[in-house]
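**Student:** With chain A fixed as given, assemble chain B onto it according to the hints.
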Amino acid sequence: MMSCIDFNKYLYEFMDGELKAGLYPKLQKHLEHCIPCNQLYEFEKQARLLIKSYCKNVTAPRHLHSRIIANLDSIDHELVSRTALPGRKRLKILFSPHTLAIAASLLLMIAGGIFYLTNNRQADSVSIVDDAVTNHVKVLNENLVFNERTSVVGNASRYLSQNINTQIRKSLNPLNIEQVRVVNDMPVNHYGTSSPCIVFNHEGNKLSLQIIRNMHFPIAKLERISFGSRDFYITNRRGFNTVIWMENDTTYFLTSDIHTNEMLRFAATLASH
Amino acid sequence: MKGNDTRKEFEELAMPHVDSLYNMAVRMSTNKEDAEDLVQETYLKAYRFFNTFQKGTNVKAWLFKILRNTFINKYRKAISSPSEVLYEDIELVNSYVSTNNNEPDTKESIDTLKSKVESLDDILGDDIKNAIDSLPIEYREAIIYSDIEELTYKDIAEIINVPIGTVKSRINRARSLLRKNLWNYAKERGFVKREK
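Residue numbers (this note's numbering), protein chains in the order written: chain A, 1 to 273; chain B, 1 to 196.
Just chain A, with the same shape it has in the complex (with noise of 0.2 angstroms):
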């Protein structure tokens, strides 16, 4: 027979229905045989049943439903006309097949530098924006926070000239905190492209940097905007704003999605004088 201190062990896993399936009998006999237990038992029961009575009482006014469902056509919306802009066709052009493959041979030679356009399924221009963005919503999703103190603005400069990683890894596993590992204070992971991609948090908004070396991003098509004395490039995919730039041979992508002016200009405190 199972001891009350062992029954109140398990009492919230039991009821959760989390324990392992040759405890439940035990629990179940030892509920039916002790007065004591039984009350504890039944008084969990009650307390559960009204604090999820009551919740269950808060319900979502109306219109919120028909914001949400005029949001979603927003979005479909939205989708359909990107896909018909011109502007988009004339990159595409660009990098046609044939554009590609000589780009592909010339950066071959380049140690490393390719494997990422020739292992991407869709290798257009902008697929590497659209990665960048990704690799920001992981962040987002994995709920990587780094504190002020790790993630310190003006030093990052400092770090970016020591850490970067030029290594190529073709993997493209998705993020996961093992997979974080802090050089000099500063949180820095490999995952998604080549590149290491560094989180700030500013001003309690996340900004994921990605640095990409030996690779010259094709930004003639993007709308340029001149701050301080440097020329930045912006684009925006699915909701997040990426913010572009690029010194000698490594270029920059910025991701978050906080106004385009604040990205600026903490993109302008990163970038080197």
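Bear in mind the hints are in silico, worked out from the structure with no lab data behind them. A portion of the hints provided could be inaccurate.
Cut-off 25 angstroms, straight-line C-alpha distance, at most; resulting in silico cross-link-like pairs (BS3-like, lysine-lysine) [as the list claims (entries may be wrong)]:
#, chain 1, residue 1, chain 2, residue 2
1, B, Lys74, B, Lys129
2, B, Lys55, A, Lys52
3, B, Lys32, A, Lys56
4, B, Lys129, A, Lys45
5, B, Lys74, B, Lys32
6, B, Lys32, B, Lys129
7, A, Lys52, B, Lys180
8, A, Lys45, A, Lys26
9, A, Lys56, B, Lys154
10, B, Lys32, A, Lys52
Facing chain A, a subset of chain B residues (Cβ under 10 angstroms, in silico) [to be verified]:
#, residue
11, Asn4
12, Val18
13, Tyr22
14, Lys129
15, Lys187
Taking CB as the label site, the calculated pair distances span [to be verified]:
#, chain 1, residue 1, chain 2, residue 2, range
16, B, Ile137, A, Lys29, 36 to 46 angstroms
17, A, Asn248, B, Lys154, 39 to 49 angstroms
18, B, Pro163, A, Pro61, 29 to 39 angstroms
19, A, Asp73, B, Lys154, 32 to 42 angstroms
20, B, Glu9, A, Lys29, 40 to 50 angstroms
21, B, Lys74, A, Gly22, 19 to 29 angstroms
Idealized CB from N, CA, C, for every residue including glycine.
**Tutor:** What follows is chain B alone, placed relative to chain A:
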């Protein structure tokens, strides 16, 4: 581009959970307007990234995860993983559920809870609301995932991104705190039997 089928599938899977998400959003932001925005944004993101949803997994848990991350990002409240001291949790839970007679204090607290409240039904809705809302945010969400939404430990672990062991101890801690809060309200309102 999303076809009509995707849209239909999304609505069928995700829309039945509006009330659950809204309830969570209200409990987290404690403000109806913020809660509405939060739920709206969650659905926007979910639809945009519906292709990342793994079919066959719990769609409600997936939506909760997006809601949670949106909330953190937007309201900058850190419901991070507080470095809980495990033994403290165990101790607290035991102090409530244990019937070990060697500990008179513990025994007392169970007695007060289970027999001195005449009936839990007497506790008013407002008291329940306050008892939940006064919990620290990470316990508040734990209660909602476990006691209200009845998600599995595994799904909860997935949403809040902590190991299952931590989920268990956090839920237990949340429950014991909530029972304590409820009891205090009951006492204030005189629903608890007078002590001699």
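**Student:** Now tell me if each hint is right for this structure.
**Tutor:** Hint-by-hint comparison with the structure:
1. As the CA atoms of B/Lys74 and B/Lys129 are separated by approximately 24 angstroms, the hinted pair is consistent with the 25 angstroms bound.
2. Between B/Lys55 and A/Lys52 the CA atoms are separated by roughly 28 angstroms; this puts the pair beyond 25 angstroms, and the hint is violated.
3. Restraint check for B/Lys32 and A/Lys56: satisfied, since their Cα atoms lie roughly 16 angstroms apart, inside the 25 angstroms limit.
4. Between the alpha carbons of B/Lys129 and A/Lys45 the distance comes to roughly 18 angstroms, so the proposed pair stays at or under 25 angstroms and holds.
5. A distance of roughly 15 angstroms separates the Cα atoms of B/Lys74 and B/Lys32; the hinted pair therefore holds under the 25 angstroms criterion.
6. Restraint check for B/Lys32 and B/Lys129: satisfied, since their Cα atoms lie roughly 14 angstroms apart, inside the 25 angstroms limit.
7. At most 25 angstroms may separate the alpha-carbon atoms for a hinted pair to count; A/Lys52 and B/Lys180 meet this at roughly 17 angstroms.
8. Annotation: proposed proximity of A/Lys45 to A/Lys26 holds, straight-line Cα distance about 19 angstroms (limit 25 angstroms).
9. Using a Cα cut-off of 25 angstroms, the hinted pair A/Lys56 and B/Lys154 holds, with the two alpha carbons roughly 23 angstroms apart.
10. Proximity of B/Lys32 to A/Lys52 is assessed by CA-CA distance (about 19 angstroms); at most 25 angstroms being required, the pair is judged to hold.
11. The beta carbon of B/Asn4 is positioned within 10 angstroms of a beta carbon in chain A (closest approach about 9 angstroms), and the interface hint is therefore held.
12. For B/Val18, the shortest C-beta to C-beta distance to chain A is roughly 5 angstroms, which falls under 10 angstroms, so the interface hint holds.
13. The beta carbon of B/Tyr22 comes within 4 angstroms of a beta carbon in chain A, closer than 10 angstroms, and the hint placing it at the interface holds.
14. Annotation: B/Lys129 was flagged as interfacial toward chain A, and the flag holds, the nearest CB pair being 7 angstroms apart, inside 10 angstroms.
15. Nearest Cβ of chain A to the Cβ of B/Lys187: about 15 angstroms, over the 10 angstroms cut. The hint is violated.
16. Against the hinted window of 36 to 46 angstroms, the Cβ-Cβ separation of B/Ile137 and A/Lys29 comes to about 39 angstroms, which satisfies the hint.
17. Between A/Asn248 and B/Lys154 the C-beta distance comes to about 47 angstroms, which sits within the given range of 39 to 49 angstroms.
18. B/Pro163 and A/Pro61 have their C-beta atoms about 37 angstroms apart, which keeps the hinted 29 to 39 angstroms range intact.
19. The given range of 32 to 42 angstroms is respected by A/Asp73 and B/Lys154, whose C-beta atoms sit roughly 35 angstroms from each other.
20. Between B/Glu9 and A/Lys29 the C-beta distance comes to about 46 angstroms, which sits within the given range of 40 to 50 angstroms.
21. A C-beta distance of roughly 45 angstroms is found between B/Lys74 and A/Gly22, which places it outside the suggested range of 19 to 29 angstroms.
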